[in-house]
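Protein chains in written order, with this note's numbering: chain V, 1 to 103; chain G, 104 to 566.
Any given hint could turn out to be false.
As the list claims (entries may be wrong) - Straight-line C-alpha distance at most 25 angstroms; calculated DMTMM-like pairs for lysine to aspartate or glutamate:
hint	chain 1	residue 1	chain 2	residue 2
1	G	Lys181	V	Glu55
2	G	Lys179	G	Glu286
3	V	Lys22	V	Asp82
4	G	Lys437	G	Asp464
5	V	Lys60	G	Asp212
6	G	Lys437	G	Asp502
7	G	Lys544	G	Glu462
8	V	Lys22	G	Asp558
9	G	Lys359	G	Asp212
10	V	Lys22	G	Glu248
11	G	Lys544	G	Glu435
12	G	Lys437	G	Glu462
13	G	Lys253	G	Asp542
14	V	Lys60	G	Glu286
15	G	Lys179	V	Glu55
16	G	Lys359	G	Asp542
17	G	Lys359	G	Asp335
18	V	Lys22	G	Asp502
19	G	Lys181	G	Glu248
20	G	Lys437	V	Asp82
21	G	Lys471	G	Asp484
22	V	Lys60	G	Glu472
23	V	Lys60	G	Asp335
Unchecked claim - Here are a few chain G residues that face chain V, going by a calculated C-beta distance under 8 angstroms:
hint	residue
24	Pro129
25	Ser364
26	Ile365
27	Pro366
28	Ala370
29	Val392
30	Ser396
Since the hints were derived computationally from the structure, they do not count as laboratory data. Here a beta-carbon is modelled for each residue, glycine too, at the ideal position from N, C-alpha and C.
The lines below spell out each chain.
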Amino acid sequence: MLVQSLAILVLAGFVGFAVISKVPNTLHTPLMSGTNAIHGIVLLGGLIVLGLGAEGVLNKVLLVIAIAFGTINVVGGFLVTDRMLAMFKEKPKDSANAKGAGS
Amino acid sequence: MTTVVSLLYIVSFALFIYGLMGLTGPRTAVRGNWIAAVGMGLAVIATLLLPGMGNWWLIALGIVLGTVVGVPAARKVKMTAMPQMVALFNGVGGGAVALIAWVEFRTTDGYAHEPLYVAIASLFAAIVGSISFWGSNVAFGKLQELVPSKPITIGRLQQPLNAVVVVAAVACAVAIAAGVSSEWLIIGVLVASALFGLMVVLPIGGADMPVVISLLNAMTGLSAAAMGLALDNTALIVAGMIVGASGSILTNLMAKAMNRSIPAIIAGGFGGGPAAAGGGTGTGEARPVRSTSAADTAIQMAYASRVVVVPGYGMAVAQAQHAVREMADLLESKGIEVAYAIHPVAGRMPGHMNVLLAEADVPYDQLKEMDESNSQFPQTDVALVIGANDVTNPAAQSDPSSPIYGMPILHVNASRSVIVLKRSMSSGFAGIENELFHDPKTSMLFGDAKASVGDIVEELKNL
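Extracted from the complex, chain G is given alone in its bound form (with noise of 0.2 angstroms):
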């Protein structure tokens, strides 16, 4: 029986494998959730077929229990609320695994006729399961707003406490891995940890807060992997170490996203994000702005039902007008609707990107002028400006001191996101700071604007 376990259990890790390939593309994405899915369910199935297995009654008591809060938590969470729900059910998940340590500790005498290698596994997952469980919570009441989302700070005493913690919780665990089994020990692993784990996050803005949860994520994954090592189940230590490692890479993978470090983030106090940062200051060098992939400008155009894309000197230097067409004549097959918004002084002269988009026979009705695009820019959901700067620039309606206040502006900032090709982040032809590229809504893609044209063009294809 033992070995139909473990074949049920490759089977399980070859589905979660081939799910979690598939959630890394759109086209993929929702197949792959569900494959994953079924393989837990058969290494619950194979679980339960291990013989000896007793305490029906409580195991049915315990899997009633969690569906029925479950469920009804997942599907009636609004979308907005989505992240705070992430949170919650991995900081459950770090809960769960610091229980078991703790009943493992209760069952065995203090780990004492087991092998180091099983105290010092179970410890580990006692304090890491404990660190997520809080840590999850505060990242779920701060998005949730039970708790302020603004960065909470006990000032300069914040380093030195964070480390006495953790000293306390590792101290406890040494002193019960060389052979002590005081219960308290144990509980003061646990809370030893879960003070760090509060202390961690608390300190921390909202705005950085979905890598803090994929951060715990990956935490929870490698507490899961340690429990597996202890309790000699591969499921464990399989599915839990896979998580470990992508949740690590993903974690990277956002932080890079967002233009921000995990070392800065972690260390935390002033994660306040873009809003608090971009405060009015002239001196912008240093302020945040988003950056994005060819991939992902393809799919954010893929979903949308209304592109615009606003030409400006950049696409006429990099002459990507043909590159532009190709994209767009993409789009439309998918059923898209493209427009592109012609700021009257967009490049060096008056209707030089009507003659370049002309030249690459773009439909003629689809030029609008600029009075025409700013009515239809609030109902357009991805705004695509390509080597365009001070036509955009919101400055110029709202800062009576800059040079080109008065200019009428293509109004991009209207629209539902919007998305910047630019070779860099040097300012203008006005030589002035654009707070477009500092807004929320802004993601910028960086590089050659034909090249990042090509990029997208490659990637709708894909798509």
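Extracted from the complex, chain V is given alone in its bound form (with noise of 0.2 angstroms):
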């Protein structure tokens, strides 16, 4: 089992460093936030340890805090990332578009 997940953990960390090979710096900013909402998959940690039989009053206090906080990593990291990245759009270029035609 061990032997498995450190083959799995060292090829996800290759395909990690191939991924990010060449970055313009304009992106540098919304990429990061969009790997810090990927980190937010230790939800899942939450919800397995949480969901699969925890006991004791402080333990789910504990889980209910880290299911939350997970979520707030996930579902404000995508957004966040989404809203960042609506700068990048084509803006209209209605008046530049006329004197084009003008001309």
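Put the two chains together into one complex, using the hints given.
Structure follows, in structure tokens:
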């Protein structure tokens, strides 16, 4: 089990390196924000430990907080990234087009 | 059912990787982000399908709480406050890891009946998650100006004290792994790591914060991967490790773009940023400049609505005028207004630039005289300075001791951003330092003007 998991870990590391080979500076912040949302995957950890039977009030409270934290990480992360990227969308260029047509 | 879950996990990794690939290019980024989000939704659904899941109300409570807090925060935050929001989201992720590791400790009697690797991975996750949580909160506080953004240090004791808390955290962790199952030990691990997170980030200046946030982001990824090892969950391992690896690379790229080294940033204490470092001394050799790439220049211009080219002697030497013309045509085909600002003494003779540009068939009405150009710089998104130096030097207006004081200049620094194409940091014809290159709005694209413009043209074609 451990060896298999370690193999997956190493391969995933190489995938991570390979994906981010060449990124323009302009996209650094959105990309950071996007990867930030992805590590919200820790949410699953909370779901598993709580869902598969945690006992005791303190344990349950801690796990509900962990799940809430993970959810904030995921939902907030993806939404913020989307808002950042919206700034890069093409602007309407009416004035420029009109000028181009006139000349 | 576990097979179905595993298969769904595989689909969600594929979506994460595909989404991240999309995020590295400007045209595919928005879609990439949503693809990754779909992957995340799938991973959550798959986990809930695991046999034996219970405590549904509590799970729902956690998710609802997170959504109620996260969505409005992400929706309402101002664009300028984005970096600290990312820091905060990153921090809660790290906090979640630390909490899960703590509960794991409590439910397994100090990992007593688990294999050793589970204990090690959980303890690693607890340490790194706690550092990330507290470090990110300090980063948030600094950027939000709740904490002074200037470096806060406690002097010479800083490094030894950092070492002490690290040793304390590791010592508690080793004791746990060796079989001591007192709960105070795991609390010791979490608290010592928290102190370390606070003490490492507090001395770092505001200007370096984006790099620090990126580093903490990578660390949270690694802690998630470690948690995945402990819980034997492939989704956590893969997604966490991808973030850990890509986050490290990204941190490096960001540090390079700002001309800073990561060890120097972590050592901290002097990261007050270019504004603090640029305090009017005449010896400018070691002062920071921001360098950029052709790809970035192309993107920045492609999203501008008005670009002004400021040609100088460097363009003439490199014979770059034809490439410049090609670049301008591409920009105009995207609906961007392009003009040329011609300083009367740009180059080595009056009218030098007009002749060169006319040779490349640049429409005459795009060539603007100095006065007209200066009145239009405030409405300009990008001023692209190609091999011009002294004619843009603000010292000519502001520094009476400068040899070129009194010379009329092109006020390129009035535009929203400035990109300077230049072979090196050497000074211009007059042999004096140019303040413009150290302006926070300015980025430098080093290289031969013709080659650089050629690269920009290629990048523009690919956009």
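Check each numbered hint against the structure and report the violated ones by number, ascending. 1, 2, 6, 7, 9, 10, 15, 17, 18, 22, 25, 26, 27, 28, 29
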